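Participant: Residue numbers (numbering that gives the first Met the number 0), protein chains in the order written: chain R, 0 to 322; chain P, 0 to 182.
These are calculated hints, taken from the structure and not from any lab test. This one's a predicted model, so the numbers in the text were calculated from it and none came from an experiment. We put the beta carbon where it would ideally sit given N, CA and C, even for glycine. One should not assume that every hint holds.
Said to hold, decoys possible - Heads up, simulated DSS-like pairs for lysine-lysine below, C-alpha to C-alpha not over 27 Å straight-line:
no.	chain 1	residue 1	chain 2	residue 2
1	R	Lys5	R	Lys27
2	P	Lys166	P	Lys69
3	R	Lys5	P	Lys166
4	P	Lys179	R	Lys5
5	R	Lys27	P	Lys166
6	P	Lys69	R	Lys226
7	P	Lys175	R	Lys27
8	R	Lys27	P	Lys179
9	P	Lys69	P	Lys4
10	P	Lys166	P	Lys179
11	P	Lys175	R	Lys5
Unchecked claim - Label-pair ranges, simulated between beta-carbon atoms:
no.	chain 1	residue 1	chain 2	residue 2	range
12	R	Pro35	P	Thr62	24 to 30 Å
13	P	Val83	R	Arg8	55 to 61 Å
14	R	Leu81	P	Ser68	53 to 59 Å
15	R	Ala77	P	Val66	46 to 52 Å
16	P	Glu52	R	Leu14	26 to 32 Å
17	P	Arg19	R	Gly74	36 to 42 Å
18	P	Ser135	R	Lys27	20 to 26 Å
19	R	Arg8	P	Tyr64	37 to 43 Å
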Amino acid sequence: MSSNEKFEREFAAFLNEEDSRIGALYRKLPQTEPDPRLDAAVRAMAHRAPNPELAATPQIDSSSPRRSRWLPALGAAAGVVLAAGIAFRLGPSWHGERGETGAPANDVIRVRPDEASPAAPPPLSPPPPPPQAKTAQAPAAASASAAGRLEPRGTAEAPKPAAEAPLRKNATRFDDRAASHPAGEAAGALGKAERPAAGGASPQAFPSPSPPQERKRAPEIDAVERKQIMTTGAWQDLHDRDAGEAAESGRPAQPQVDEKAAARAKTAESPRQDELRDTTLAAPATAPAATPAQHTSAMAPPALEQSAPPRPAAAPASAAALK
Amino acid sequence: MGAEKTDEELMLAYAQGDVRAFDALYQRQRGMLYRFILRSVNERASADELFQETWSRLIASRTRYRVESKFSTWLLQIAHNLIVDSFRRARPQAGAEETETVMRELDAPESDRPEPVLSEFEQRRRLQLALEALPSEQREAFLLRVEGGLGLEEIAAVTGAGHETVKSRLRYAFAKLREKLAE
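Sequences are here, hints too, so could you generate the full structure?
Facilitator: Spelled out as structure tokens, the structure:
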């Protein structure tokens, strides 16, 4: 056998995994293995891979998974609170555009003197009138408080004139009812007046007021009131004089125009003045129904009232009430 | 439990999160892989680094493992690529002194008779020196064959060479080793 053939036979055996001299000799070489430290490092690496949190949190950080779960929940809650706050802030204006009952805000202004009384500052809410005059004055007082509440809503310039016209009608209706019905029915009349307003069929002073709106009205009232203090003061003198004349003659006061001005001056008045005004306003109203123009003029600064159709008895009566 | 399953089954189990399957697989393959790397680079420090890096890459790609070939083939292919990269960065030249040191440290007691031990030691030394003298491609093919137990097709898959090229490399490597041992 030639060497070449021998080589080929040994090589074939080497390739076929058969026992060859070189293969056998190689297997006799030292069976080197990795160090134990190297083994531990590889095993630790392999154990960490399927559970990465175990590598970062060996023992003590049991709270970190809770913290990692806690933070997203806190962020979600903060987002919900923020969204609710934004919706709440936008809610009243959004409701103001649509109205709680779906009616346009321009046409529906609800008057809720009972709700407004506790929330509004003291000058805005008329104190309980005396028992004798209160019953008749309740509808008028309601319209007056509604008128007063109209002032803080002056920020809505567009609906204001429209609101004044329905308000005047409301006041007129209250006056008529006060004149025609006994005192005990005044509250019922007030409630009846409220209900149509709530239904949106008759004009109302305001949409259902919400506490933020009522709180918002106070600075607005003050700003409007401040503008009219001087004119109001002059007008009060006329009102007092007329109230005195009316009392002597027994004629009822004409509070329609006075109601609006009285409401405006509420913030600057003392409770005693409110009582006097209520007394005056409680008198049956015999003035003719005000026209929208008169309503507008009533809501306008007192200077405009001087150009309104003459109602001399109303102005002095209100002036007397203010005192 | 690990002895019952094949290497491929253990790897698939580890890919699903069974760390005990990895422990069994590691115990089977650690010696072969380490010796292949050590005898390829002829330097202990580089061998340790490459050994750990090989397992690191395997762990990182555990979810992508598919039973398309033997597990040892896949493992040795990772090691081969790392060895080639290390050769490109720095060419470790294991001198004769270092080879003697390695051989003395790694030599296991095999026989009581000094002459056979010396013979065998001498034979192993010559074989080790002959392996170091081989070209890297031939050496790697030889080690994949004798250490990894891979066939020609598998060696071709690991090295990226053709079947005949692998056979040729093995032929030349075998011939040189046989010549060195016959001297």
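Participant: Now look at each hint and say whether the structure bears it out.
Facilitator: Do the hints match the structure? See the list:
1. Restraint check for Lys5 (chain R) and Lys27 (chain R): satisfied, since their Cα atoms lie roughly 23 Å apart, inside the 27 Å limit.
2. For a cut-off of 27 Å, the pair hint linking Lys166 (chain P) to Lys69 (chain P) stands: about 20 Å separates their Cα positions.
3. Of the pairs offered as hints, the one joining Lys5 (chain R) and Lys166 (chain P) holds, with about 18 Å between alpha carbons and a cut-off of 27 Å not exceeded.
4. Simply put, Lys179 (chain P) and Lys5 (chain R) have alpha-carbon atoms about 16 Å apart, close enough for the 27 Å limit, and the pair holds.
5. For the given pair, Lys27 (chain R) sits about 24 Å from Lys166 (chain P) by alpha-carbon distance, which is consistent with the 27 Å threshold.
6. Distance restraint check for Lys69 (chain P) and Lys226 (chain R): the Cα-Cα separation of roughly 95 Å exceeds the 27 Å cut-off, and the hinted pair is therefore not satisfied.
7. At most 27 Å may separate the alpha-carbon atoms for a hinted pair to count; Lys175 (chain P) and Lys27 (chain R) meet this at roughly 19 Å.
8. The suggested pairing of Lys27 (chain R) with Lys179 (chain P) holds, with an alpha-carbon distance near 17 Å, which does not exceed 27 Å.
9. Restraint check: the Cα-Cα separation between Lys69 (chain P) and Lys4 (chain P) comes to about 13 Å, which is no more than 27 Å; the hinted pair holds.
10. With a CA separation close to 20 Å, the supplied pair Lys166 (chain P) and Lys179 (chain P) stays within the 27 Å bound.
11. Proximity of Lys175 (chain P) to Lys5 (chain R) is assessed by CA-CA distance (about 15 Å); at most 27 Å being required, the pair is judged to hold.
12. Hint check: Pro35 (chain R) to Thr62 (chain P), Cβ distance near 29 Å, so the stated range 24 to 30 Å holds.
13. Between Val83 (chain P) and Arg8 (chain R), the C-beta spacing of about 33 Å breaks the proposed range 55 to 61 Å.
14. Against the hinted window of 53 to 59 Å, the Cβ-Cβ separation of Leu81 (chain R) and Ser68 (chain P) comes to about 57 Å, which satisfies the hint.
15. A hinted range of 46 to 52 Å holds for the C-beta pair Ala77 (chain R) and Val66 (chain P), which are about 49 Å apart.
16. Glu52 (chain P) and Leu14 (chain R) have their C-beta atoms about 30 Å apart, which keeps the hinted 26 to 32 Å range intact.
17. Roughly 39 Å separates the CB atoms of Arg19 (chain P) and Gly74 (chain R), a value that falls within the hinted 36 to 42 Å.
18. The hinted range of 20 to 26 Å is satisfied by Ser135 (chain P) and Lys27 (chain R), whose Cβ atoms lie roughly 24 Å apart.
19. Between Arg8 (chain R) and Tyr64 (chain P) the Cβ separation comes to about 39 Å, which falls inside the hinted range of 37 to 43 Å.
The earlier numbered hints that this structure contradicts are 6, 13.
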